[in-house]
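Enquirer: So the protein sequences, as listed, match chains Z and R.
Taken in order, the first sequence gives residues 0 to 159; the numbers are from numbering that gives the first Met the number 0.
Taken in order, the second sequence gives residues 0 to 802; the numbers are from numbering that gives the first Met the number 0.
Simulated from the structure, these hints should not be mistaken for laboratory data.
Since we're looking at a predicted model, the values are computed, not measured.
There may be inaccurate statements among the hints.
Claimed, not checked - Taking lysine to aspartate or glutamate and the EDC-like style, the derived pairs with C-alpha atoms no more than 20 Å apart in a straight line are:
no.	chain 1	residue 1	chain 2	residue 2
1	Z	Lys45	R	Glu286
2	R	Lys786	R	Glu566
3	Z	Lys45	R	Asp640
4	Z	Lys45	R	Asp116
One-letter residues, chain by chain:
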Amino acid sequence: MSHTTEVVRLHVNGDSVEVGVPAHFTLVEALRYGLGLTGTKQGCDKGDCGACTVLVDGRPTLSCILPVQEAEDRQVTTVEGLATPEAVHPLQDEFDRHGAAQCGFCTPGILCSAAALLDGNPEPTRDEIREALSGNLCRCTGYTKIFVAVEAAAARRRGR
Amino acid sequence: MSGKRPSRDDFAVIGRPQRKIDGLAKSTGRAAYTDDIVLPGMLHGKILRSPHPHARIRSIDTAGAEALPGVHAVVTGADFPTPYGIIPWTPDETALAVDRVRYIGDGVAAVAAVDEDTALEALRRIEVDYEILPAVFDPHDALAAEGNYEAGDYIHPPKREGWNGNITKKVHLEFGDLDAGWKAGEIEVEAEYYFEGTTHAAIEPHCAIGRFDGDGRLTVWSSTQVPHYLHRELARVLGLHPAEVRVIQPPVGGAFGGKSEPFDLEFCVAALSRKAGRPVKILYTREEVFYAHRGRHPFHMWYRTAMTRDGMLTGVDARIVLDGGAYASFGLVTTYYSGQLLTAPYALPAYRFDSVRAYTNKPACGPKRGHGSVQPRFAFEVQLDKLAELGDIDPIELRRRNFIGANTRTVNELRVTSNGFLECLEAVEGASGWKERWRRLPFGRGLGVAGSTYISGTNYPIYPNDMPQSGIQVQIDRSGRVAVFSGGSEIGQGTDSAMAYIAAEEFGVPLEHVRVYRGDTDFTPVDLGAYSSRVTFMLGNACIDACRKLKRRIQEAVAEHWEGEPEAVVLREGRAFDPSDPERSLPIRHAFQIAETRWGTLGETGSYNTPKDVHGQYRGGTIGASPAYSFTAHIAEVEVDPETGIVTVDRIWVAHDCGRALNPVLVEGQMEGSAYMGFAEALMEEHVFKDADHGRAGLHNAPSLLDYRLPTSVDTPELESLIIESVDPEGPYGAKEAGEGPLHPSIPAIANAIHDAVGVRVDRLPFSPPRVWRALEKAREAGALAKPAHPADRLSSRTEVGA
Ligand code: FES
Ligand code: FES
């Protein structure tokens with residue numbers, strides 16, 4: 000079937016790349032199906048679950064309802080971009096230590112929301128963590144281990 | 000270690016907090032789920048779904064779709080008409096509808112095309128000629144229907160002579176002397192309850208990829224939680240030899256029972272791939288996930304319960320109507336479970352239940368976490384609270400008095416082994432400050448308690464056979480590496496990690512040196528799947544079996560080397576050593592090398608099968624039987640706003656007897672996730688359908704993650720996990736289940752807490768603000784809106800009156 004294909008220029012995890020995608024693609028489709036960055040998940044298709052959360056210019060953004068063109072000329076960070084070659088992000092390590100990822104499907108999105116929270120608020124209270132993650136549904140954990148992991152990561156970053 | 004109960008210190012790995020072996024892969028985005036897999040030449044599939052709740056298919060014209068450029072294959076029900084069903088006695092589904100659709104959303108045709116847009120356009124070009132049939136949405140109406148299948152009065156042909164075709168299953172079982180029970184009873188409660196349907200809503204939508212190779216072999220990747228059953232049904236429906244079918248299960252993004260039987264997409268990707276000669280992927284939209292459903296059955300329940308003045312239960316009678324939706328799914332088992340799983344943790348001297356499952360023209364219901372027993376548990380634990388109130392007994396005390404005990408049989412003859420229920424009650428009683436706070440908190444705030452039990456795996460497989468329920472293969476080599484080939488299903492609960500902990504414990508190697516390969520029917524032994532909380536118990540035992548056989552050979556080889564006894568060789572924390580002789584100590588890798596030198600290449604298999612004498616000797620007596628039962632008690636603390644009816648759950652204390660926590664972090668995670676899911680059903684979730692007055696009858700009311708209200712991080716209460724370890728004699732290191740039991744008491748504990756807070760009963764789920772508000776209004780009008788009195792106060796005021 001014919002649809003318009005467009006070439007868009009994206010800045011993802013520090014790389015600048017051009018990708019040809021159908022013009023109606025959202026950012027999550029461009030990431031997953033255009034660039035092969037499958038770390039970002041899709042749990043619904045309409046902005047309801049938060050699984051597709053990525054950082055756009057440092058802000059948590061639902062990539063499933065962002066037309067890909069709107070991500071052009073902005074800095075996109077996905078879960079693949081949180082770690083450095085030397086070390087994983089403290090949040091990733093604490094999620095691992097505290098069992099905060101069960102099935103792990105919500106995890107990439109939650110990590111992006113949590114990373115943005117810690118960047119703006121190094122010592123969040125549990126209520127602030129609850130607020131910051133309220134757009135990310137997790138069906139497995141009951142959220143408890145996620146709160147604990149975010150608190151531990153915050154403490155560790157402050158300690159540095 | 001034999002003879003005495005092993006303590007945590009006897010283990011190097013088991014019982015201690017450990018990381019999961021796939022935790023970092025999941026938190027860095029490396030873990031590849033089914034939809035993350037792209038195969039060369041892969042096509043996109045889509046399924047056309049019925050817009051009618053009940054209709055005959057007169058004809059399907061697919062020519063328009065086939066002619067569309069970019070379309071590679073189209074299939075309809077006629078391509079694979081072999082009926083199937085997860086329960087072999089009720090095969091009432093086909094991969095796509097053959098001559099009749101039975102709910103809005105029933106699959107009718109499927110296409111494979113170069114991309115999603117083309118596939119969607121192809122669906123629009125398929126013409127289906129339907130003859131509309133009468134539809135039924137209420138189970139009572141369905142059971143009252145008269146007529147015949149051909150005319151559409153029934154959804155299925157009658158399963159038995161004389162039955163209405165809207166009946167899936169009827170169960171009537173009676174144990175003990177109920178007449179005597181009523182006679183002995185001095186206090187009785189009789190009430191009706193309604194449990195609304197709910198769905199799993201795993202965050203990963205169902206996804207499958209099919210690939211037919213030129214040599215006629217089929218590979219299906221699927222987000223299933225039951226690769227073995229999928230394997231069997233694929234072979235059957237596609238007419239293949241099972242040895243030509245391979246099922247691969249990538250990590251699954253949550254399941255909760257919602258992926259525990261084959262779905263149309265798995266058959267469709269296989270059939271489309273066969274036709275197209277290319278791999279085909281289908282990913283459900285979130286809306287399709289809601290229609291695929293197989294979630295919690297709505298239950299209409301009636302209970303009569305009697306006890307003596309001292310609070311000893313004397314009789315329980317139940318009548319239950321299950322709203323099954325359009326197909327049987329696991330419904331035969333659900334109908335049994337609705338009664339069979341109620342007989343612990345309390346001793347019931349006499350018990351009867353009468354359950355019937357009706358078909359309705361809605362998406363089929365099936366197993367959701369706590370299959371078939373969450374609904375009756377809600378009703379029964381509220382019954383107990385009402386009895387306690389009438390008998391002026393503390394509800395925890397009432398539960399204690401009726402405790403069934405360990406190493407016993409239930410009234411329906413199920414064998415119970417370890418039982419830590421009393422410890423669970425004690426733990427939540429202490430942690431919540433129950434003694435000081437229950438009935439003493441200000442109006443609007445309350446505490447409620449509830450208990451429950453659940454199976455650690457169903458004792459009998461879904462299709463009758465005496466082969467092992469679980470299999471594992473273990474292989475070690477001179478590098479010091481241990482490879483575990485596991486038949487298990489990793490759906491987030493940590494099965495792969497649990498197997499790694501067991502192997503690390505048995506061989507004394509660091510966890511990092513254990514690899515677990517799982518989820519591929521071509522190279523892993525059969526395990527029946529992640530359902531009925533069976534995996535830790537059954538696969539864990541299989542893993543211990545394989546490891547110990549192999550370990551024995553290492554011990555023998557090393558003993559030979561030392562000229563000692565194999566029993567003296569200990570493998571622990573990276574070394575093989577003889578505790579009685581400090582000279583005798585080797586790095587574990589050398590021990591493996593000695594063994595490989597002595598025996599050649601090293602590998603073993605292990606299996607687990609269930610004990611065969613743990614069930615009742617009556618028809619249906621095997622259903623509900625399990626090698627072990629877990630026990631749980633919760634206390635919930637709630638706040639009820641008397642003006643609005645809004646209920647807030649502040650905290651739930653969750654005490655769970657899991658036998659032994661192989662990794663306490665993972666057990667807590669299961670307890671918290673379960674308690675959360677129960678809380679969600681209590682307050683928020685409703686899987687409901689429109690009626691003709693509110694849109695199109697049979698249309699899902701809210702097939703999105705916004706409108707079907709899942710609790711967010713802000714809604715979820717604080718959850719406090721209290722692990723109780725009764726150390727089961729047959730569990731792996733004493734372990735039992737933890738993944739489903741701790742869901743049950745959330746709901747009745749919240750119901751009972753609402754009563755403690757404001758004195759009203761809401762016997763219908765969910766406890767939504769309008770429903771609670773109406774109950775409050777009724778009490779207000781009757782001038783009875785008040786906190787219930789503490790039994791001690793009531794008793795003392797009675798004494799004064801009497802004096
Ligand atoms: S995928 Fe659900 S919000 Fe984007
Ligand atoms: S870990 Fe499974 S959805 Fe959050």
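Enquirer: For the pair supplied as a hint, Z:Lys45 and R:Glu286, is the alpha-carbon distance within the 20 Å limit?
Expert: Holds. Z:Lys45 to R:Glu286 sits at ~10 Å (cutoff 20 Å).
Enquirer: Within 20 Å, alpha carbon to alpha carbon, are Z:Lys45 and R:Asp640?
Expert: At roughly 33 Å apart (the allowed maximum being 20 Å), R:Asp640 and Z:Lys45 break the hint.
Enquirer: Does the structure keep R:Lys786 and R:Glu566 at a Cα separation of 20 Å or less?
Expert: violated, 64 Å
Enquirer: For the pair supplied as a hint, Z:Lys45 and R:Asp116, confirm whether the alpha-carbon distance does not exceed 20 Å.
Expert: Holds. Z:Lys45 to R:Asp116 sits at ~17 Å (cutoff 20 Å).
Comparing the model with each earlier hint shows violations of hints 2, 3; every other hint is respected.
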